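K.L.:
Okay, here's what each chain looks like letter by letter:
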Amino acid sequence: MEIRTKRYDSALSLLELLSGVVPDKLSVALTILLGAPARVVSADGAWVMGNIPPLSGNVRRLPLAHDLETVGFLETSAPDEAQVRAAAVILELFMRSGARYFMASEMHLEVVKTDYEELQRRHEALIASEARYKALAESLEERVKEQVSTIASAHRQLYQAEKMASVGQLAAGVAHEINNPIGFIRSNLGTASSYVQKFRSVAEQVKSGDTVRIASAWQVADLDFILEDFPSLLQESIDGADRVARIVSDLKGFSNIDQAEEEIVDLNDSIRSACNVAANQINSRADLKLMLGELPPLRCHAGHLSQVFLNLLLNAAHAMNKRGEICIQSGVENNQIVIRISDTGSGISPEVLPHIFDPFFTTREVGSGTGLGLTVSRDILTAHGGTIEVSSELNVGTVFTIQLPIKQGNP
Amino acid sequence: MADLDETARKLTLKLVYYGPAMSGKTTNLMRLHDLLSPDLKGEIMTLETQNDRTLFFDLLPLGFRTPSDWLIKLKLYTVPGQVAHDATRKAVLSRADGLVFVADSQRSQGINNAESFQNLEENVRRVGLDFGTLPLVVQFNKRDLPNVLTEEEIRQRWFAAPWPLVMASALSGMGVRETFVKLLEALYPVLDKNFSLSKVHGTDAQSFINAVIGINAVTGAPLGNSH
Ligand SMILES: Nc1nc2c(ncn2[C@@H]2O[C@H](COP(=O)(O)OP(=O)(O)O)[C@@H](O)[C@H]2O)c(=O)[nH]1
Ligand SMILES: [Mg+2]
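Those sequence lines, one after another, are chains L and S. Under this note's numbering, the residues of the first sequence are numbered 1074 to 1484, in order. Under this note's numbering, the residues of the second sequence are numbered 32 to 258, in order.
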């Protein structure tokens, strides 16, 4: 329940109405003004101002009204009626001023209380909403983290998939490149072993020392031809083995893709490697023209850059509707290594052109690539402080221009 | 709700003049003080600041005795209209038995009126009263000024509202008593229901109104504006 029993609009007792005046002083002043003893009592007689005892003799009693009701009496033995009335009026004025003060202060308290309660309510609401926001912010951070890690892992998987795709392409090309020499080396070795068989048949006659049988065996085995054919057969096989060795060494440039260490390379070598690896796919669609100028050695992730060249070469090969030309130029311009890979393929439409470096953007049919090839290429060049730009015209061709700042070995 | 004191045989009612700042609430009370002559009439107590804006409220007490010798007191309050004094308005409004909404008829005051009326509705609910059943009279004051809404416009706008509408010019007193009488008319049925004014206290609607405004019930002088 309410602790304060009084409200600004409560009825007030005489005691409350006169609480602002000093009782003894007022009693003394009244007595002097009236020239006779006077006292103020509450309507029910329970309270007497200044505890003055009841008056004796001819006592007059005047009601003291407040708020339409008699709340007390002025008692006095003073004879002058007008004087007594004036005293009552003065008392009522005091009471009125007391009421004003009382109402104003009670109202003030009430207002302060509601304002305070309102303030507290708002404060609590604020704290509650702050807590809500905090919880939200915390869970938000968590959720963002989750999302980021999901996206990151998806990204990684796609990169991996893209890498696998290019490795797959690479493997197909390489298999073809290696299959060919391996095929004729194998066939040559078969022929060689039949030649050895023939040498053995002649050798048996040589042991007999019979020159006629030796000559006849020589004839039968056709050693004249074999002696002529064998060296070229071996030479061909040696060349084939060399070719395989070269392809394997070119492949090494791609095998260290995940290697974090930088190495110092001549990018022309990387370009040639990429051409060799892609040779199979290029040769069937286009003529390759290399115009490689002298390049300063570059400190870089060579495996990554090889991948870029291979990627662009394969793209160029794929862009050929009919047999065309792919040209790679390299050189130094404005203290930058510049590599241009141009093709006379189908070109890229103006609507598509701005998006080709966007992740997951691909114009090839679904499944043939993730669309990360050019994105990864650009990322690799950016990581080297370089840039890649493209210009293209439909049915004329496309030019990719790579620029790399020259950075040599650590001083 | 009305304050019933069985031992003192006293019923105290609270009537509140509400409205935007400067619409004429205090003026209404001052005119009522002059116009009414009930058995008992106190002085207006004004709690105002120096610039004569109502700080807390004005208070005019009126009263009469019923044939059953009960004292019926009506305490007329005004609220401060300034937006900042909402807590005071709420305190004054609490336990009110009836309301007069004093609107300013000037065209420029439309928004102030509307906001104040909305504030009234909100505060009535906040202090736990029922806006639907609380006796209420709407007064459009300052009819004497130029650039006021026409009575037709006002009646059109308030057409759907259930409360009595009174046109007034509190400065001259026009419509002030009529407003108050309309409020007493709306108030009486509620009081009669709760306190059996008619049966127990021998006070029917007409004698209740007559007693409050001070018309001799016996001579039966007609009601209406004194102007
Ligand atoms: N012209 C005109 N002025 C009025 C009328 N009623 C009140 N006023 C004036 O409006 C101002 C505000 O009146 P007041 O009663 O103090 O408004 P409150 O803030 O609602 O209490 C005062 O200057 C009044 O004289 C009216 O009917 N006509
Ligand atoms: Mg006022």
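Errors might be hidden in some of the hints.
Unchecked claim - Pairs of lysine-lysine residues, derived as BS3-like cross-links and limited to a Cα-Cα distance of at most 27 Å, are as follows: (1) L:Lys1079 - S:Lys72; (2) S:Lys224 - S:Lys72; (3) S:Lys230 - S:Lys72; (4) L:Lys1362 - L:Lys1395; (5) L:Lys1186 - L:Lys1079; (6) S:Lys230 - L:Lys1186; (7) S:Lys41 - S:Lys230; (8) S:Lys121 - S:Lys72; (9) S:Lys121 - L:Lys1079; (10) S:Lys230 - L:Lys1079; (11) S:Lys41 - S:Lys72; (12) S:Lys224 - S:Lys41.
Claimed, not checked - Not the full set, but computed from the structure, chain L residues with beta-carbon under 7 Å of chain S: (13) Leu1182; (14) Glu1183; (15) Thr1187.
What the hints assert, rightly or not - Covered by chain S, according to a simulated footprint, are these stretches of chain L (three or more residues, beta-carbon under 8 Å): (16) 1132 to 1144; (17) 1161 to 1173.
In case anyone wonders, no lab produced these hints; they're calculated from the structure. Here the structure is a predicted model, which is why all the values come from computation and not from measurement. From the three backbone atoms N, C-alpha and C, an ideal C-beta is built for every residue, glycine too.
K.L.:
Compare the structure with the hints numbered earlier in the document and write down the numbers of the violated ones, lowest to highest.
P.N.:
Checked against the structure, the hints that fail are numbers 6, 10, 13, while the rest are satisfied.
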